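Enquirer: Listed below are the residues making up each chain.
2 protein chains.
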Amino acid sequence: MIDLAARVTLPSPEILAAAWRRLDRLTKPPRSLGQIEEWGARYCAIRGEVPPPPLRAGALVFAADHGVTAEGVSAYPAEVTAQMVLNFVRGGAAVNALAREQGAALRVVDVGVRSDLPPHSGLLIRKVAQGTRNFLREPAMTAAEAEEVLRGGFDAAQGMAREGVTALALGEMGIGNTTAAAALSAALLGFPAPELVGPGTGVEGPALERKREVVEGAFRRIGPGPRPPMEVLRQVGGFEIGALAGAILGGAAAGAAVFVDGFVVTAAALLARALCPQAMAYCFPSHLSAEPGHARQLESLGWEPPIRMAMRLGEGTGALLAVGLLRAGLRAFVEMATFEEAGVSDKREPGGGT
Amino acid sequence: MIDLAARVTLPSPEILAAAWRRLDRLTKPPRSLGQIEEWGARYCAIRGEVPPPPLRAGALVFAADHGVTAEGVSAYPAEVTAQMVLNFVRGGAAVNALAREQGAALRVVDVGVRSDLPPHSGLLIRKVAQGTRNFLREPAMTAAEAEEVLRGGFDAAQGMAREGVTALALGEMGIGNTTAAAALSAALLGFPAPELVGPGTGVEGPALERKREVVEGAFRRIGPGPRPPMEVLRQVGGFEIGALAGAILGGAAAGAAVFVDGFVVTAAALLARALCPQAMAYCFPSHLSAEPGHARQLESLGWEPPIRMAMRLGEGTGALLAVGLLRAGLRAFVEMATFEEAGVSDKREPGGGT
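Chains G and X supply the protein sequences, listed in that same order.
Position in the first sequence counted from 1, then plus 616, gives you the numbering used here.
Position in the second sequence counted from 1, then plus 616, gives you the numbering used here.
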């Protein structure tokens, strides 16, 4: 994936500095809008303009099935993946409502749902296979499939950027995918196998124990040691996680702000970082999921998500809420008066702070 | 203020239960939208309807001056209060941009600015005095002034509710008001005097030390022991804090959701709770301020704010961002399909979770 990673360049430090100069002249104590200001400055650098150009939001949701559901790792049957994709294209899911709230175009991409879905204008088919294989027993996919799905995600993000999207919220649907995300994240971070396993959609008790055993069993099958990121993806999947990592690279290469959702999308961010560290300069964390392993992933990325509402739905719901925070912050950036314009004293008292 | 407190009744537990029944049928694992769902259910109970009726946002910003600025407790000169009020009425401040982003009507209320402000349609004059007295040396206001300012805030909130506002974001402007808020909060919570003192707009070093000494000195003047809440307000102020406490009661009495901003508005929430505990059922926390004492106030209220962006501007900026989160959540509540409507399996696997 070296060719895709090479297409990502870092945002301009000169534009970043110019953004801060502007922000520090606005009628507020310097830096008193905290992360709202940081996000505004980063958005300017990403888009290459001060003041920031208008934000156009888009949401990209990748769906796929997981062979590992045969081991009983999820609270829901695997057919819910396809059912929820139909719910997305009909507009009835949480991500639809939140996308409408943000004025975000929503595109759903089938990168590996087990059944064939009826054609729909909001549904892009980039299906690599009818679900991954059961990663407890064998590799989830082939090396060729891993590369294909990553390219599919890259292309989907580039497509949205070409249509004018400047802030891309990433989401996913895939019964079983918190199991794959836990395995992939632990492998990439060098954590013990079960360390990031949690309840997902709601397993508990013996089923949660089984979920841990499945990831442990998979690690025994794979064997010890650090592995190249694409090999980790091949071993545990899933297709939507690979596509999400590709979408992070694709969004970054296109100069879009990329909003990372919860546990599963953050697993994809870990994969994207391993493939292309500079892509992280385009990523924005959104919320801290109720899924316990999310905090560990975020810590490893050095990210402090702005929203803490104990959400654990996925689909891109947290990412879309965070897009709203950036949009509000950009409005303040663009519309606030400077001290000079407003006739407000910027001369702070002697002894008075920064 | 017993008559005002008596006008607040608790939201309906029956409507709350009906809201949860509806939420649990929507296409998502139960409770997987976390606090977004809790807020939606609470909003239904507050408004008395399931599904939730449309949200209409309003922002109410109270401004006043503080005699204690004579002690050098702020990074900015006192005249900035009036200058910023003019900035508000002209639309150039952060709160204006964020109010526009939320489609919120903004009303600014002068309850005690030191200078006389020119009339403006967006500015309500309920001035009690030309700033409080210096609470290091003498009580900040008289008992009659304390009552008058609380009633002014109550009336302003009731007025916005009469105009159709269902979600009220509260904000403030007043150079010196983090000093008053720290003193008021410590007195109400029984904390040692300087425990909640922090940098505010940006004092540090010797100036921050002076700010602590001022609050300690005021506590020595006032003498030990718990005091009735209105007496605490009289002793340390400020006018905008009293008005904010009144606005919380007024919003609650009118059946509005009341969004509490950062350190200063949360001080007012502590005062409102002391006067009328049931008003807390109408309050929504917004963000965790960078002002260190805010976490202590929130802990005492048992509130977990959804936004953590290290903001410390005040004005109602955090409260307005949180209104956007409620609005997005209500949209999901109203627009999401149920499992039946969407044809999605709600039958979770045996062993699967809650």
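No lab work stands behind these hints, which were simulated from the structure alone.
Since the structure is predicted, the reported quantities are computational estimates derived from the model, not experimental observations.
By construction, the Cβ of each residue, glycine as well, lies at the ideal position given by its N, Cα and C atoms.
Errors might be hidden in some of the hints.
Unchecked claim - If you only want the chain X side, here are some residues facing chain G, beta carbon under 10 Å, derived:
#1 Glu653
#2 Ala691
#3 Gly708
#4 Ala709
#5 Val711
#6 Asn712
#7 Ala759
#8 Ala760
#9 Glu931
#10 Leu936
#11 Ala944
#12 Val950
Enquirer: For every hint, state whether the structure bears it out.
Expert: To see whether the hints hold, each was checked on the structure:
1. Glu653: Holds - the Cβ of Glu653(X) comes within 10 Å of chain G, reaching about 9 Å at its closest.
2. Ala691: holds (3 Å)
3. Gly708: Since chain G brings a Cβ to about 3 Å from Gly708(X), closer than 10 Å, the hint holds.
4. Ala709: The hint holds - Ala709(X) has a Cβ within 10 Å of chain G, the shortest such distance being about 6 Å.
5. Val711: The hint holds - Val711(X) has a Cβ within 10 Å of chain G, the shortest such distance being about 9 Å.
6. Asn712: holds (7 Å)
7. Ala759: Violated. Min distance 32 Å.
8. Ala760: At 32 Å from the nearest chain G Cβ, Ala760(X) fails the 10 Å test, so the hint is violated.
9. Glu931: holds (8 Å)
10. Leu936: holds (8 Å)
11. Ala944: holds (5 Å)
12. Val950: With Cβ-Cβ at 8 Å, under 10 Å, it holds.
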